[in-house]
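Novice: Here is how the chains run, residue by residue.
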Amino acid sequence: MSFVRNAWYVAGWSRSFGRDLKPLTIMDEDIVVYRTEAGTAVALTDECPHKRLPLSRGRLVGDAVQCGYHGMTFGCDGKCVRIPGQSNLPSSAWVRSYPLHEARGILWIWMGEAAKAGPALVFDMPEFADPRWAPHYGDALQIESHYLPLADNLCDPAHVSFVHPTTLGSPASEDVPIDCERQGRKVVTSRWIRNAPPVGFFKAFGNFAGNVDRWHYYTLHAPSVAVIDFGSAATEDAIGEGERDRGVRLFALHFLTPVSETRTVDHWMHLRNIGLDDEGLGERMNEQFRIAFAEDKAILEAIQAREAKPPARRGVKLAIDRGPNHLRRIINEMLAEEVPDSEEAPMQAAG
Amino acid sequence: MKVLATDREGGQHELSFQEGDTLMQVLTDEDLGVRAECGGCCACATCHVYVDPAWLGCLPPQSDDEVAMLDEAFEVEPNSRLSCQITMSPALNGLTVTIAPDWN
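The listed protein sequences correspond, in order, to chains H and S.
Every letter in the first sequence is one number past the one before it in the numbering used here, and letter 3, counting from 1, is 3.
So the numbering used here is basically just the index in the second sequence, starting at one, shifted up by 351.
Be aware that a few hints might be false.
To be verified - According to the in silico footprint, chain H covers these stretches of chain S (three or more CB under 8 angstroms from chain H):
(1) 378 to 390
(2) 395 to 401
Stated by the list, open to error - Simulated pairs of lysine to aspartate or glutamate, DMTMM-like, Cα-Cα distance not exceeding 25 angstroms:
(3) H:Lys309 to S:Asp416
(4) H:Lys51 to S:Asp453
(5) H:Lys51 to S:Glu365
(6) H:Lys51 to H:Asp20
(7) S:Lys353 to S:Glu365
(8) H:Lys317 to S:Glu365
(9) H:Lys309 to S:Asp453
(10) H:Lys186 to H:Glu241
(11) H:Lys317 to S:Glu388
(12) H:Lys186 to S:Asp358
(13) H:Lys317 to S:Asp415
(14) H:Lys203 to H:Glu181
The hints are simulated quantities; they were obtained by calculation from the structure and are not laboratory data.
Note that the structure is a prediction, hence the values are computed from the model and not measured.
Here a beta-carbon is modelled for each residue, glycine too, at the ideal position from N, C-alpha and C.
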C-alpha cells in the first residue's frame, strides 16, 4: 500500500522543534528537523550520504548540520557546504530538503514533488483567527496502525456509541442513522441525536440541566486531516442545524501522519467556543479526550494485529460504511494521479 | 405489478411490487439469497443483479456511487446493476432480472 505524497502532513507541533536535531520518520523516510538561528524550521534527510550515519547524531554549526562521523556539513537546502580534508564538493554530496510550512503552531511537511507544494494547500480554518474561539493543543498520539483504518474511524460517527461510552458517546445514539456526503476531496458524515441526556464530556463541561440535542459532523479532508464539529445544546432551545454556535461547540482536529505501513501519529487538538479565558479548561478537556483516543488506539491496534493474517472471508459491508467507502475511493483517485510522478527521479538536489 | 427474477439455481420467480419499492426490497422479500448487507444505501454491492438487456434502457441511470460500488463487485457485466438503486414504477412492470452469483 502506498501513501499519498503530494499533500501536507503534520511534522509536529511548532513547540516541539528548536535548535536541536530532532529525528522523525514519515512514510518510512528518516528526516531530521531543526531551526535556524533565525527560527526557520528545516527538514533534511536524516542520513549522511557518505556512510549513512543519521545526521541527527551530528550537530548544528550555525544553520548547517555537521555529520557526527567525518564532519560533512549540509546547509538548509541540503547542499553540502564542507567536506573536511578536501576542497572538492562533488555534485552528489547532498541530502533531500523537504518543503515546510509553519502556521497556527503547527509545522507541516510536504513529502511529494516539491514543485507541487504550495501554502494554499495547507489546511486552515477561520476559527483559528476568530476571537470567539480558543484553540487548545493536544498530543501526538502514536498508534500502531496503518493510517487508513484511522482515517476510516474519522468518517465513522457510529463507533462513538460503543467505543467512547464514558466520554463522547452514549447508547442514545446507537440506532440514529448517519448522513454521508462526498464533497470533492472531502467526506462529510453527520448525525444529530435529539433530546437525550448529555454524554460524559458535556456533563462535565456543558452545565446542562436537562436533555440536549447533540451533533457530530465529521469532515475528512483526504488524505489525512479530520475536522470533527461536535457539540450539544439544550433540547428546549430547539436549535437548528445552522445554529450550532448557540450550543457548546468544539472542533476536534486530527492530523494523521503515516510513519510506516503499521504506525501512524495522530496530532490532535481542539477549538472551543466556551471558557475562552479559562486557561486550565483546555487541559481539563484534554484529560477526557486522552481517555477517548486511547480507546480508539486500542481498537485500531487490535485490528492492525489481524492484518498479519489473510482474512478468511470478505468483510460484511454495512450502511455505516458509506463514509469510509467514499474516503477509500478518493484516496485511490489521489494515488492514481501520482503514478506518473513515481517514475521520475524522486530525489533531486535542492536548488 | 410483477418482477420476473431468476435465482442462482435457475429457479423462476414472479414477485409482486408496489410503486416506490426498490428492486432490492422486492427481491429480499422472498428468500432468494440476496444479501443486501447494507440495507439499501449503496455501500456493499451485495444486491447485484443482471438486468435483461431489453429492460436496461427503462432504468434510471447509474449514480457515481453505484458505478463506484459495482467496481468492487464480482462478475460484473455490462447489464449489472445494484438492485437497491432501482425504484420500481408501473413502467417496470414485467422487469426481468437474474440474481448475480454470491461470493465468500
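Novice: With reference to the structure, classify each hint as holding or not holding.
Specialist: Taking the hints in turn, this is what the structure says about them:
Look at the stretch 378 to 390 of chain S against chain H: 3 of its residues bring a Cβ nearer than 8 angstroms to a Cβ of that chain, three or more, so the hint holds. With a threshold of 8 angstroms between beta carbons, the proposed coverage of the stretch 395 to 401 of chain S by chain H holds, since 3 of its residues qualify and at least three are required. Restraint check for Lys309 (chain H) and Asp416 (chain S): not satisfied, since their Cα atoms lie roughly 30 angstroms apart, outside the 25 angstroms limit. Restraint check for Lys51 (chain H) and Asp453 (chain S): not satisfied, since their Cα atoms lie roughly 56 angstroms apart, outside the 25 angstroms limit.
A threshold of 25 angstroms between alpha carbons decides the hint, and for Lys51 (chain H) with Glu365 (chain S) the separation of about 76 angstroms lies outside it, so the pair is violated. Simply put, Lys51 (chain H) and Asp20 (chain H) have alpha-carbon atoms about 22 angstroms apart, close enough for the 25 angstroms limit, and the pair holds. At roughly 6 angstroms between alpha-carbon atoms, Lys353 (chain S) and Glu365 (chain S) fall within 25 angstroms of each other, so this suggested pair holds. Between Lys317 (chain H) and Glu365 (chain S) the alpha-carbon distance is near 29 angstroms, which puts this suggested pair outside the 25 angstroms criterion.
Distance restraint check for Lys309 (chain H) and Asp453 (chain S): the Cα-Cα separation of roughly 24 angstroms lies within the 25 angstroms cut-off, and the hinted pair is therefore satisfied. Proposed proximity of Lys186 (chain H) and Glu241 (chain H) is supported: the alpha carbons are some 20 angstroms apart, at most 25 angstroms. Simply put, Lys317 (chain H) and Glu388 (chain S) have alpha-carbon atoms about 6 angstroms apart, close enough for the 25 angstroms limit, and the pair holds. In summary, the hint linking Lys186 (chain H) to Asp358 (chain S) is not supported, as the alpha carbons are separated by about 39 angstroms, beyond the 25 angstroms threshold.
The straight-line distance between the Cα atoms of Lys317 (chain H) and Asp415 (chain S) is roughly 18 angstroms, inside the 25 angstroms bound, and the hint therefore holds. Distance restraint check for Lys203 (chain H) and Glu181 (chain H): the Cα-Cα separation of roughly 30 angstroms exceeds the 25 angstroms cut-off, and the hinted pair is therefore not satisfied.
Hint check: violations occur at hints 3, 4, 5, 8, 12 and 14; the rest are consistent with the structure.
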